[in-house]
Amino acid sequence: MYDAGKIITGLILFLVLFTTPIWVNLASGTSAERPDIKLPVDEKQCVAATEYMKASHMDLIYEWRDQVVREELRAYHSLSGKEYEMSLTKTCLGCHSNKAEFCDRCHNYVAVSPYCWDCHTEPKEGI
Amino acid sequence: MSGIDRRNFIKIAGLTTIIGLSGKPLADAFASQPAQASAAEKEGHVGKRWALVIDPKKCLEKEGCRACIDACHRIHNVPQFDNRKDEIKWIWKEEYEKAFLDQENEFIEDSLKEKPVLVLCNHCDNPPCVRVCPTQATWKRQDGIVMMDWHRCIGCRYCVAACPYGSRSFNWRDPRPFIKEIDKDFPTRTRGVVEKCTFCNERLAKGLPLACVEACPEKAMAFGDLEDPESEVRQLLRNRFAIRRKPYLGTQPVVFYLV
Numbered sequence: 198m199y200d201a202g203k204i205i206t207g208l209i210l211f212l213v214l215f216t217t218p219i220w221v222n223l224a225s226g227t228s229a230e231r232p233d234i235k236l237p238v239d240e241k242q243c244v245a246a247t248e249y250m251k252a253s254h255m256d257l258i259y260e261w262r263d264q265v266v267r268e269e270l271r272a273y274h275s276l277s278g279k280e281y282e283m284s285l286t287k288t289c290l291g292c293h294s295n296k297a298e299f300c301d302r303c304h305n306y307v308a309v310s311p312y313c314w315d316c317h318t319e320p321k322e323g324i
Numbered sequence: 052m053s054g055i056d057r058r059n060f061i062k063i064a065g066l067t068t069i070i071g072l073s074g075k076p077l078a079d080a081f082a083s084q085p086a087q088a089s090a091a092e093k094e095g096h097v098g099k100r101w102a103l104v105i106d107p108k109k110c111l112e113k114e115g116c117r118a119c120i121d122a123c124h125r126i127h128n129v130p131q132f133d134n135r136k137d138e139i140k141w142i143w144k145e146e147y148e149k150a151f152l153d154q155e156n157e158f159i160e161d162s163l164k165e166k167p168v169l170v171l172c173n174h175c176d177n178p179p180c181v182r183v184c185p186t187q188a189t190w191k192r193q194d195g196i197v198m199m200d201w202h203r204c205i206g207c208r209y210c211v212a213a214c215p216y217g218s219r220s221f222n223w224r225d226p227r228p229f230i231k232e233i234d235k236d237f238p239t240r241t242r243g244v245v246e247k248c249t250f251c252n253e254r255l256a257k258g259l260p261l262a263c264v265e266a267c268p269e270k271a272m273a274f275g276d277l278e279d280p281e282s283e284v285r286q287l288l289r290n291r292f293a294i295r296r297k298p299y300l301g302t303q304p305v306v307f308y309l310v
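Quick mapping for you: the protein sequence lines, in order, are chains A and B.
Its first residue numbered 198, the first sequence is counted upward by one per residue in this note's numbering.
Its first residue numbered 52, the second sequence is counted upward by one per residue in this note's numbering.
Worth double-checking, as some hints may not be accurate.
[Unchecked claim] List time: in silico DMTMM-like cross-link candidates among lysine to aspartate or glutamate, alpha-carbon distance up to 25 Å:
#: 1; chain 1: B; residue 1: Lys231; chain 2: A; residue 2: Glu319
#: 2; chain 1: A; residue 1: Lys287; chain 2: B; residue 2: Glu265
#: 3; chain 1: A; residue 1: Lys235; chain 2: A; residue 2: Glu248
#: 4; chain 1: B; residue 1: Lys297; chain 2: B; residue 2: Glu160
#: 5; chain 1: B; residue 1: Lys191; chain 2: A; residue 2: Asp263
#: 6; chain 1: A; residue 1: Lys287; chain 2: B; residue 2: Glu138
#: 7; chain 1: A; residue 1: Lys287; chain 2: A; residue 2: Glu248
#: 8; chain 1: A; residue 1: Lys287; chain 2: B; residue 2: Asp236
#: 9; chain 1: B; residue 1: Lys99; chain 2: A; residue 2: Glu282
#: 10; chain 1: B; residue 1: Lys235; chain 2: B; residue 2: Glu278
#: 11; chain 1: B; residue 1: Lys99; chain 2: A; residue 2: Asp315
#: 12; chain 1: A; residue 1: Lys235; chain 2: B; residue 2: Glu232
#: 13; chain 1: B; residue 1: Lys99; chain 2: A; residue 2: Asp263
#: 14; chain 1: B; residue 1: Lys149; chain 2: B; residue 2: Glu138
#: 15; chain 1: B; residue 1: Lys191; chain 2: A; residue 2: Asp239
#: 16; chain 1: B; residue 1: Lys235; chain 2: A; residue 2: Glu319
#: 17; chain 1: B; residue 1: Lys166; chain 2: B; residue 2: Glu145
#: 18; chain 1: A; residue 1: Lys279; chain 2: B; residue 2: Glu283
#: 19; chain 1: B; residue 1: Lys149; chain 2: A; residue 2: Asp315
#: 20; chain 1: A; residue 1: Lys287; chain 2: B; residue 2: Asp234
#: 21; chain 1: A; residue 1: Lys241; chain 2: B; residue 2: Asp236
#: 22; chain 1: B; residue 1: Lys149; chain 2: B; residue 2: Asp106
#: 23; chain 1: B; residue 1: Lys235; chain 2: A; residue 2: Glu248
#: 24; chain 1: B; residue 1: Lys235; chain 2: A; residue 2: Glu280
#: 25; chain 1: B; residue 1: Lys136; chain 2: A; residue 2: Asp256
#: 26; chain 1: B; residue 1: Lys109; chain 2: B; residue 2: Asp161
#: 27; chain 1: B; residue 1: Lys191; chain 2: A; residue 2: Glu319
#: 28; chain 1: B; residue 1: Lys144; chain 2: A; residue 2: Asp256
#: 29; chain 1: A; residue 1: Lys287; chain 2: B; residue 2: Glu232
[Said to hold, decoys possible] Ranges of calculated distance between the beta carbons of each label pair, as one might list FRET restraints:
#: 30; chain 1: A; residue 1: Asp315; chain 2: B; residue 2: Glu138; range: 45 to 55 Å
#: 31; chain 1: A; residue 1: Arg267; chain 2: B; residue 2: Asp133; range: 47 to 57 Å
#: 32; chain 1: B; residue 1: Asn177; chain 2: A; residue 2: Arg267; range: 15 to 25 Å
Since the hints were derived computationally from the structure, they do not count as laboratory data.
Ideal placement from N, C-alpha and C gives every residue a C-beta, glycine not left out.
Build out the structure end to end from the sequences listed, making use of the hints.
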């Protein structure tokens, strides 16, 4: 191989530079700041467990959507035995009334833009 | 020789076959079949075949009355476009001749001929729009409502072309800026989605009457179940003659006009 020394040094240099952000973060002991979401004050109980809601709220919402629109079922019985109306705007946003500081902060953090809001309106949203 | 001879073998084999073949239908016949009450029957209005009866003679007593149109369009976030090309309509006024193309009676009562007629989705028994929808975004419910799932509409407009009554409107533009005041209990639509009257299914689920029926100051509209012989709509249809739009197409509309 010609110029092996230069090539290998160049490759190592490239790798170090390319992964700099990882080393810097590791060295300083910080990671990206997690979203600071505002939970509702008055209500402590969600329709399902927090862990489930964190990971799968979109599945639940999709299921609600199909049940209401296509199956004509509107009541949701949670594990805690409470009955809720399957409604994004009434039930979900009824408690999580601050979309900007709850939904949006997390969605922005993970860079997803759900299209729910193209049609459904947030209670306070001023349009 | 123990057990079984040819004669008995054939007997047992035959018997087993008979039991085997009849097993499933028998089991089905004896199994209890609790009729699952649909959600709609559990709460709110109980009905099998919704219908709307409009009395054009009572309608528009006050000239320029738009009570039903305004009520419907307000609660369903129907945008108001000035340009007729972009217009979205759930319930609207149509000239008599245009609404009833097939009515060849030139000398029908003037009071009918001169006034516009209220028209809306006919919630046909045999809806052409449903047949052409490639995504099943529109379908016919058990109670006859031709329902729409706006989540699923891809905006192909086959249904717009298929509907012989012009009851379907397409959102060519983003409707939100053209809604005077958004009712937050009901979604808006987006650009690229078809919309139409859904017989206030969201109100029926709560046991409320249709918005247009409720809003009419002349009580010119009656809503009810065609399957119930005692319902108001059946009484009206029994006592008065009624016409429907384009009956020759075989779509079987359930919006009736008393004459």
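Here's how the hints hold up against the structure:
Restraint check for Lys231/B and Glu319/A: the C-alpha separation of about 17 Å stays at or below 25 Å, so the hint holds. Our distance criterion of 25 Å between C-alpha atoms is met by Lys287/A and Glu265/B, whose separation comes to about 24 Å. Distance check on the hinted pair: Lys235/A and Glu248/A sit about 16 Å apart at the alpha-carbon level, within 25 Å; holds. With a CA separation close to 19 Å, the supplied pair Lys297/B and Glu160/B stays within the 25 Å bound.
Among the hinted pairs, Lys191/B with Asp263/A is consistent with the structure: their alpha-carbon atoms are about 15 Å apart, no more than 25 Å. For a cut-off of 25 Å, the pair hint linking Lys287/A to Glu138/B is broken: about 29 Å separates their Cα positions. With a C-alpha separation of about 22 Å, the suggested pair Lys287/A and Glu248/A falls inside the 25 Å cut-off, and the hint holds. With a C-alpha separation of about 7 Å, the suggested pair Lys287/A and Asp236/B falls inside the 25 Å cut-off, and the hint holds.
Taken as a hint, the Lys99/B and Glu282/A pair is honoured in the structure, with Cα atoms around 24 Å apart against an allowance of 25 Å. With a CA separation close to 34 Å, the supplied pair Lys235/B and Glu278/B exceeds the 25 Å bound. About 34 Å separates the Cα atoms of Lys99/B and Asp315/A, which puts this hinted pair outside 25 Å; it is violated. For the proposed pair Lys235/A and Glu232/B, the alpha carbon gap of about 28 Å is over 25 Å, so the pair is violated.
For the proposed pair Lys99/B and Asp263/A, the alpha carbon gap of about 22 Å is at most 25 Å, so the pair holds. At most 25 Å may separate the alpha-carbon atoms for a hinted pair to count; Lys149/B and Glu138/B meet this at roughly 18 Å. About 41 Å separates the Cα atoms of Lys191/B and Asp239/A, which puts this hinted pair outside 25 Å; it is violated. Restraint check: the Cα-Cα separation between Lys235/B and Glu319/A comes to about 7 Å, which is no more than 25 Å; the hinted pair holds.
About 9 Å separates the Cα atoms of Lys166/B and Glu145/B, which keeps this hinted pair within 25 Å; it holds. Pair hint Lys279/A plus Glu283/B does not hold up; C-alpha atoms about 38 Å apart against a cutoff of 25 Å. Of the supplied pair hints, the one linking Lys149/B and Asp315/A is violated, its CA atoms being roughly 35 Å apart against a limit of 25 Å. For the proposed pair Lys287/A and Asp234/B, the alpha carbon gap of about 12 Å is at most 25 Å, so the pair holds.
Restraint check for Lys241/A and Asp236/B: the C-alpha separation of about 24 Å stays at or below 25 Å, so the hint holds. For the suggested pair Lys149/B and Asp106/B, the alpha carbons sit about 18 Å apart, so the restraint of at most 25 Å is met. Using a Cα cut-off of 25 Å, the hinted pair Lys235/B and Glu248/A is violated, with the two alpha carbons roughly 29 Å apart. Annotation: proposed proximity of Lys235/B to Glu280/A holds, straight-line Cα distance about 22 Å (limit 25 Å).
Using a Cα cut-off of 25 Å, the hinted pair Lys136/B and Asp256/A is violated, with the two alpha carbons roughly 38 Å apart. This hinted pair checks out: Lys109/B and Asp161/B have alpha carbons roughly 14 Å apart, not beyond 25 Å. The suggested pairing of Lys191/B with Glu319/A is violated, with an alpha-carbon distance near 30 Å, which exceeds 25 Å. With a CA separation close to 42 Å, the supplied pair Lys144/B and Asp256/A exceeds the 25 Å bound.
A hinted pair counts as satisfied when its Cα atoms are at most 25 Å apart, and Lys287/A with Glu232/B qualifies at roughly 18 Å. For Asp315/A and Glu138/B, the Cβ-Cβ distance of about 21 Å falls outside the hinted range of 45 to 55 Å, so the restraint is violated. At roughly 35 Å, the beta carbons of Arg267/A and Asp133/B sit outside the given window of 47 to 57 Å. Between Asn177/B and Arg267/A, the C-beta spacing of about 21 Å keeps the proposed range 15 to 25 Å intact.
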